[in-house]
Each structure stands twice: as C-alpha cells, then as structure tokens.
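Asker: Residues per chain, in single letters:
There are 2 protein chains.
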Amino acid sequence: MSSDHFSSLSQTLLMGPGPSCVPEQVYTALSRPTIGHLDPRFIAIMDEIKERLQTLMQTDNRLTIPVSGTGSAGMETCFVNLIEKDDPVLICKNGVFGMRMEDVATRLGAAVDVVEFDWGTPVEVDALRSKLAEKAYKIVAVVHAETSTGVMNPVAEIGALLKGCDSLYLVDCVTSLGGMEVNVDEWNIDAIYSGTQKCLSCPPGLAPISFSAKAIEALQARQSKVPNWYLDLNMIVNYWQGQQRAYHHTAPINMLYGLYAALGVILEEGMDQVFDRHRRVHEYLVAGLEEMGLSMAVAAESRLPMLNAVAVPEGVDEAELRRRLLQEHDIEIGAGLGVLAGKIWRVGLMGHTARQENVDRLLQGLKILL
Amino acid sequence: MSSDHFSSLSQTLLMGPGPSCVPEQVYTALSRPTIGHLDPRFIAIMDEIKERLQTLMQTDNRLTIPVSGTGSAGMETCFVNLIEKDDPVLICKNGVFGMRMEDVATRLGAAVDVVEFDWGTPVEVDALRSKLAEKAYKIVAVVHAETSTGVMNPVAEIGALLKGCDSLYLVDCVTSLGGMEVNVDEWNIDAIYSGTQKCLSCPPGLAPISFSAKAIEALQARQSKVPNWYLDLNMIVNYWQGQQRAYHHTAPINMLYGLYAALGVILEEGMDQVFDRHRRVHEYLVAGLEEMGLSMAVAAESRLPMLNAVAVPEGVDEAELRRRLLQEHDIEIGAGLGVLAGKIWRVGLMGHTARQENVDRLLQGLKILL
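Chains as they are written, first to last, in my numbering: chain L, 1 to 370; chain X, 1001 to 1370.
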C-alpha cells in the first residue's frame, strides 16, 4: 500500500507553462495544521489574502478573493456570474485561452462574437475599435498573457478604449499576475481572474479574481440566478466578506495558507523588483538562445517575459528533446498547443523559476541535447 | 509583510462537521516538490489515486476520479453533467445538503420535484416508492450522510428500490466516504461525489466522484453541451484516463499528493477496521454524553457514526460554549444549521479524529464548561 512515489520526487526545475517552482516558504505553509474554515484565526488569514491580492492587482475592489478551483475555474466564475442567456459578448482570440473563453461563454448561452488575430501576434486595438463601433457588447474579454503563444496583449490600451463605454471589461491574467504589472483600477478592468501556479509560484488549485463595482452592479441586476451554485459570487462573498461569514462551501484551507505565503514572498521582494527580475531574466534567456542559433517565435515588442515561445529547429524531434530534458536533466519545458504543436517549445520563467541560474541550467541542457 | 499567522497555529482538535484532523503523512505529502501535471511520474500517482478511490467506493467504474474543487464542486459536477433543460429530477430532502441539491438542480434548468422529511429523521423508502409510482424521473438523488442533522439515509435500500428502473441514482457521500461502507456497485449508484475534508482526513479542496456506465451513456447522449466548461467530464476524462492525457486544466498537484497519502492511510489500516473504529468511538461518545446528562438529537437507529447531533441543553448559550471550547481547550465543534441553528451542536468523529482519546478530551472540556 505504501509504494512510495514521493521519496523519489526531485525538485524538478519547472520551466514549462506552469506549474512553476515553489519557494520553500510556500511548501512550509501548505503543511501547517489545518484549522476550521470558520475559525477566527482563519478569517484573519483570509482578510490578509484579500489585501495582498488587492495590492498585487492594484485595485481597491472589495470583491477581490481566491476562488476554490484552478485558473480555469476563475474564467468560469467571471463568465458565469456576468452572462445571462443571449447577452452579447465579444472575445479577442489569438490563442488557446481566447478559444477557451469562446467555449465557456457559448456554453453559458451568450451571443458570442469573436475578433480573431493570428496565433503569435497580439490583439490589434484598431480592429477591436471597428468591431465595437458596429455593436454594443455587455462584455469584452481578452487574455493578457496568452500562455499558448507567448504573446502579450495590449490590455491597458484596450482598457483606455473601453473607458466610458457600457461594456464590462473582462481580463484573463492567469499567467501575467505576479510577473508583470496588472493594474486593475487604472486599466478600467471590471472582472479579472488568475491562477496560483504561474508567477505566484504556489501549487495549482486556486484562482484569484476581482470584480469592480460596475461588475457587481451587473451581477446584482441579473434576471436569472447564476446557473452555477459552486461559483455563485452572490453567496461566496457572504463567506469572504460578510459580517456573519456565512458558510457556503468549505474553503481549501491549506491551499489558502500556501497562497498567503506566496503573496508574502512577492510583496517582500517588492512588486517592481519582481517584475524587473522577470524582464531581465527573460532578456538573458533570449540572448542565450539566440547565441545558440535558436530563434523566438514572437516579435520582440509583443513577447511575454514569463512565457517564451521558442521555434523548434528544422529536423529536431521536439517531444524527444523535452523527454530527455526531463529525464536526464530534471528540467521541464512545455510543448506547443493547437496550431503551434510541434512548432514551438514553451519556456516558462515564472515567479520563483525566473532566475539567471535556472536559465544557465536550461541552456546547458539544451546545448548537450541539440 | 511577514506578520506570521502560521507560527501560532496549533493542531486544533477538529471535531466539527469538517475539516477533520489530518494525519502527519498527509501534511508531509502536501509539501512534496511540485512537478508538472503531464509529468509521467505524476500520471503514475493519478492512476493509483483512481485505483484507491475505486477500492474505497467499492466500484469497478473506470470513471472514478477526484474533481478539482471542494465537495460542493462534486455535487455541481454530478448534476451539471447529467441534467439538460427540463429533465425531471427527484430529490430527497431532509437537511441542508438535500436543499443544496434542489438549488443546484433548479439553477441548471431541471424540473425538480422534492420528497421531504423532517430534519433529524431519515428518508422513508415507502414515501419514495409512492412518488416513483407517479412519475418517471431521469435522476433520483439522496444524501447518504446528512451532515446538517447527523442522519444516515437508507442509501442501499433506495438503490434496491431503483434497481431495473431507468432513473439514474445520484448519491452524496461527502461525509460518509471513509467512515462507513459506501458500496457503489452493489447499491446500483450511478453518480456519486464526496469531499476530502471529512472521513478522508485530507484538507478540503478535492471532490472524488464516480460515474457508472449508465451515467456515462446519459452523458454521451446529451443533446446540449455541458454548460460548465470547468466541470465537463467529457473533457476531464481525456486528462485522467485518455491514452494521450490531453491537458484540460492544470490539476491541483499538491492537493492530489495529499489525497493519495490520505487514501493510503485508510487502506493501510484496512477499510473494515476504519469503519469499526468510527462505530466504536461514536458509541463511546454517545455513552459519555449521556452520562453527562446530554442527549442525542437523532434516534439511535438513524445516527451517523461520524456526525453526532447533540441537543443543546435548555439555558445554555451554545455559541459561547463553542467559542470557549475553541479558545480555552483548542477543540472545534460545529453549530446547527438552518432550522437546527441554536438547537444542536454537531460533533464530528471523522477519519483521523475518530479516536477514543479525542472523545475523552472533548468530554473533559464539556464537563468544565457546562
């Protein structure tokens, strides 16, 4: 019965699209004693988690909490709370996660329009402006850091475009939060979600979200109940911020300890310092790859620091290289998805992983294997 | 920044309705190094988790997996995958979790009928038989261990009643699994869900579920897509049991380490031994409480071993007692919910908590405070 997978688990260098490497403080937090989800000591931790998330997301939104599921549950939460049947929704699509938004919103009965861009290129604000001139949308949604392609979308510019318009601005910051600036209030974002296993460097399992006053108004003006009991924010807020802290579902206590610690690690280093580190280590990686004759799949001005799409050289078996990198060098990198499968590797420099010595280890491994 | 809530966290004796006390092996597992969700070493752990859940649920169902959310996400998963608009659903209601089923199914557009019983009493099979004679239902749903009242519902008998009938039999075993027999195959259960923080003695965060071949047929015969991307089992199974292990959402790696270890602890002790221990410790608690002049709120034949509803004596401030028990004795017990608020305490004897020495500690505390 006690065949032990764990004793042989090494601290693999996680340089894929997430999960990323987890700092020691977070592992320690995960294994602290479980207490009750209504225990005053736990509620104090919840309150600080909310504050820490507000700081990192740069928002005064009171409804800023972690949802009890992974990043995709965050996506589901934002859409299911805001969409009613036949609501017009516009989705910017230039990768897997824009596609996923389309699927989620369509399943919920929205009237979904899509403005599409080539994978590996960013959303063009002008194309979006034309689309918005044609029709009024309840929700306009975009992915900040498109993890499937390594492209950074112009979330601040789109926010400026939407200023003063009735649409709710919904943003995916799963991969960006904690690795680059996310400024919810300045960018006019109404609903945003993230995940813990990317630049927050906590294991997967929680999805931080934030809703603006305008989004909460829309939620409260619904004609129909949210068709998802588990993710209904009307009830979840009673637990996270009500006077009575009414039980909704049992919160994932130990995962929340982990998130609390992970946010502490980032804020202690300093947000600007953390974002700078991601940028510097990204540039160091690009220089090293180019020196080896490898090339990046995304133009320099649209590259994400934390997710690097590297073109697979002609004649190289990309899956075999990943397999050997993992087995022989204990380094994980990611494969391409969708139309980019087989064409790119995805090298993550997320959170605790984003360090020069880790890039050196990867470059060393690649030199041996290529 | 490093205001440390953790250093002061004691190992509170968790005798509420969950979470329960967590054994050391599970804490250790939670803090093992995170690896990738597509790493072959992780897939080997996933495979063993499925086997261990099949053993504990006594089922050959291939689709037996943990869902990435707490117990209520398990409820949502079972209903959202099986319900299409206007499907007739019958729910047995004798507590909060039957009520929750009604709410979940109604939000999903089902035509919900309810057969209701007094809180604190079990579902009556005869009443259910009459109801089933009137109308054909796609789904008949019942809670095995009604955590809000301490009542055990006759899940095996209802399964026998439904044998040969077209209805899908949907069971909540959140609180029963791991503390008493749950025999999915022999009881003709088609869809079942649980949670990790009760008798599995793992922190909250995952919801083991199992679907029979008949339930999978119903899922595959749907006219409409599952209106919940995150919990769509059509896609989730591709990750958990597909040849290719296609990425759906990033699995909660470390929580799954914890579940793997928690299931190992139970199977190592032996299922029958574990169930016996729950029964014996429950009887020891009841005897001790009665000796003190306290009385149980549920008739002996319907009592759950792991969730004990104790009548609050006349004139006692029940909330104040719970507060002092926690602050002065580091013991958590639960309050009543709904119509039982203020009338009962809920004393959990779940999993690792179910030990005679813990009962002694509680009785000692109660004697001092009452």
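One or more of the hints may lead you astray.
[Stated by the list, open to error] No farther apart than 20 Å at their CA atoms in a straight line, the calculated lysine-lysine pairs in the PhoX-like style are these: (1) K1085/X / K1050/X; (2) K50/L / K138/L; (3) K1138/X / K1163/X; (4) K214/L / K225/L; (5) K85/L / K1050/X; (6) K85/L / K135/L; (7) K225/L / K1085/X; (8) K367/L / K214/L; (9) K85/L / K1135/X.
Bear in mind the hints are in silico, worked out from the structure with no lab data behind them.
Asker: Against this structure, judge whether each hint is valid.
Answerer: To see whether the hints hold, each was checked on the structure:
no.	hint	result
1	K1085/X / K1050/X	31 Å, violated
2	K50/L / K138/L	27 Å, violated
3	K1138/X / K1163/X	14 Å, holds
4	K214/L / K225/L	18 Å, holds
5	K85/L / K1050/X	37 Å, violated
6	K85/L / K135/L	17 Å, holds
7	K225/L / K1085/X	15 Å, holds
8	K367/L / K214/L	52 Å, violated
9	K85/L / K1135/X	30 Å, violated
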